[in-house]
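With the hints as your guide, set chain B onto chain A.
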Amino acid sequence: MRSFMKKLYYDVKKCLGCKSCELACSLAHSLTQDIFKAIKEEKKSLPRKKVHSSKGNNYPVSCRHCKEPKCVDACMAAALYRDDQKDMVVYDQERCVGCWMCVMSCPYGAIRPNILTKLAIRCDKCQDKDEPACVKACPTGAIIWCEEAEVKV
Amino acid sequence: MSDAKQKSVDVASQQMIEQAEAQNIKIVWDRYDTMQPQCGFGQLGICCRICNMGPCRIDPFGEGPQKGVCGASADTIVARNLLRMIATGAAAHSDHGRDIAEALLLAAEGKAHDYGVNNPVRLREIATLYGIKLDGKKDLEIAGEVALKALSEFGQQEGELRFISRAPKKTQDLWRKLGVTPRGIDREIVECMHRTHMGVDNDYKNIIMHGLRTALSDGWGGSMIATELSDILFGAPNPIKSKVNLGVLKENYVNVVVHGHEPTLSDVVVQAAEDAELIKLAKKNGAEGINIVGMCCTANEMLMRHGIHSAGNFLQQELAILTGSVELMMVDVQCIMPALAELANCFHTELITTSPKAKFPGVTHIGFDEKRAMEISKTIIKRAVENFKNRRKERVVIPQETMDLVAGFTAEDIPYIIGGKYRSTWKPVNEGIISGRLRGVAGVVGCNNPNVRHDFGHTEMVKELIKNDVLVVVTGCSAIANAKMGLLKPEAALKFAGNGLREICEAVGIPPVLHVGSCVDNSRILIACSKIVEEGGLGESLSDLPVAGAAPEWMSEKAISIGFYFVASGVFTVFGTPQPVLGSQKVTDFITKDLENIVGGKFAFEVDPIKAAHLMIAHIDKKRQGLKLKPMMYQNG
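Going down the list, the protein sequences come from chains A and B. Following my numbering, the numbering of the first sequence begins with 1 at its first residue and continues without gaps. Following my numbering, the numbering of the second sequence begins with 1 at its first residue and continues without gaps.
So that you can see chain A by itself, here it is in the shape it has in the complex (with noise of 0.2 Å):
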């Protein structure tokens, strides 16, 4: 079983923009796990993780799964909660009514809203796969996988 402990890191100055793990995440949500495929489908698989480049440096962003998450706090279905036993925030579509509260009140700017499905994207952290695509995608190791002890400054 997969540590729960393990978050995503970035080291910004090895990020080249390159948007694989972007593609990475789409192909990872996708029906069929074809890229070939995947492009095809009616609802297409949008990526939970975007980039974006400010003075010079670029920033995957997705979701940090926050200890006080605001989002979970504007969620007034109570799609999104706090799973602490998995240490992430956790986000039930059944309930979700497409408010956009959570993409609002996200102070990343993590949370993307999905005008077709009316559901929102954020990351999962790969739940179902033994780490996120991203981390596997990226090729310059700009993603880091690893518990918080375990970073080095």
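Simulated restraints, written as ranges between beta carbons of each label pair:
id : chain 1 : residue 1 : chain 2 : residue 2 : range
1  : B       : K26       : A       : K118      : 45 to 51 Å
2  : A       : D128      : B       : G54       : 34 to 40 Å
3  : A       : L16       : B       : G131      : 55 to 61 Å
As a list, the in silico BS3-like pairs of lysine-lysine whose alpha-carbon atoms are at most 25 Å apart:
id : chain 1 : residue 1 : chain 2 : residue 2
4  : A       : K136      : A       : K37
5  : A       : K37       : B       : K67
6  : A       : K40       : B       : K586
7  : A       : K40       : B       : K67
8  : A       : K40       : B       : K593
9  : A       : K37       : B       : K205
10 : A       : K14       : A       : K55
11 : B       : K586      : A       : K37
12 : A       : K6        : A       : K136
13 : A       : K136      : A       : K13
14 : A       : K50       : B       : K67
15 : B       : K67       : A       : K43
16 : A       : K37       : B       : K611
17 : B       : K427      : B       : K170
18 : B       : K26       : A       : K136
19 : A       : K44       : B       : K67
20 : B       : K427      : B       : K622
21 : B       : K586      : A       : K44
22 : A       : K40       : B       : K611
23 : B       : K205      : A       : K40
24 : B       : K602      : A       : K37
25 : A       : K40       : B       : K602
Residues of chain B clear of chain A, computed beta-carbon distances all greater than 12 Å:
id : residue
26 : E109
27 : L129
28 : H194
29 : S355
30 : T425
Hints listed in this document are in silico derivations from the structure and should not be mistaken for laboratory results. All of these numbers come straight from a predicted model, not from anything done at the bench. Glycine included, C-beta positions come from ideal geometry on N, C-alpha and C.
Coordinates of chain B only, in the frame set by chain A:
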């Protein structure tokens, strides 16, 4: 299944893959694994690096940018990238052809004494095609004129390439009507680069139609010149027995692997290795003799003409060095992995580059010069002989596997073989097809690629085709793959072929799978198809024929160019893994559907070799129906 078995179906390769693992040496499959996941933008062909406003990428999931900075759509970007791949492939084949033509010219001028005319019959045929008057002229005189004519086709600006006239008239007329008849070899390639420069050709259809023209300048131009002029210089191949696979490396011999593509150097190396002085020196150094073996298409060239053993195909180049038994590997151009330099450093193997077009940092370069071919060949072999003493016996692991094969079939000798000297004609093939004994003919060609299990794509597809009475012709790495599997032995017909094909193979004593040469020798298949049309009864253009092509393990841009000249010639062609076009639905539809209504041929992408074989069989059956041929004589399967 063990890891090595997943990587290759070839037992010798499996053994060497395990050796690499045991010695902690990283080889192509390891590098492929490290590269996963590979970039989706690249796989889909929607990354554009053509100008400095970019690089640009189209978001294939539709949310992000759908246009590049210049406004180019996914369709334009995919088509431009594809055209550049065709241009590179055509350039590689054609530049090979140019080198052969230059060697022929030097020989004719008396400046390259190690070469001469070894096939006066073909020389005269080609000279006649070029409109050269033959009366009273000597071979070398004619050879000089042929070489100049051939060389002039590279820089020709207007008109048509001469060998276009060898295609059936109806096919030629269609090309003219569509404006895809190549004018000059270099011109079409240069125009690819111009059209794909920032802000030139944006219409994906227009871009791809020029790709067809460029590819035709390869198949009916550069490649065909390479084949014909090689046959003139080095002699036409005839059926010849040989052996294949890593087991051809010999434990007590000085092993020299000749790897690459052009026969100019390798053909002389074969003679140089018979030099008494060098053999004496080898014996003095403790070896029993000198063993020249081939790798990749150089192997095919030497195998076809001299029966020189082939050590293997593209994915076996590192494995040969890993045996610890290779004194020297000499390389020229194309398909030579940069990884060889570092790998050779782990062993006593000396890597020698010979082409001014292909040097490796830190690797000894002995520049090849046609004027001193024998002298250079001997220098290189001498280095190998002297390196024998550095071989570490405890590191030598040579797989036992070898396989017998028959190679050396050409568009010229097949009629002799099937018809006999006095009625040498394609009639038996045409009649075989018309009567339903033979379903049709398939060309299975192309590379290896670690994204397909090594040799699996080639051999499974070919077995399925011959089981269904399809006569198969093979070239390049596909030929070597099928040879290793024993499919190039006449006995293979008894074991694998359908009843109809087996009857023909037994009657004339040929294997069910014919080795027709190296990758430039795919031009032989075009000529064979044209001759079959000419023979009659199977339609008037190449696209009428019940034939199909495939590149099940393709890797190189040359394969794309080959694919496009077959499609442009009217042949349905299946690639294993898709070409990098799926990022544009329009381009994908154009080359996998619409082209059939334009040129008669089209592409399909199918990585499962059995399914791919059945796509080919279905196409052949469709063509048989179109020609109103009899139903198949036997129901196999």
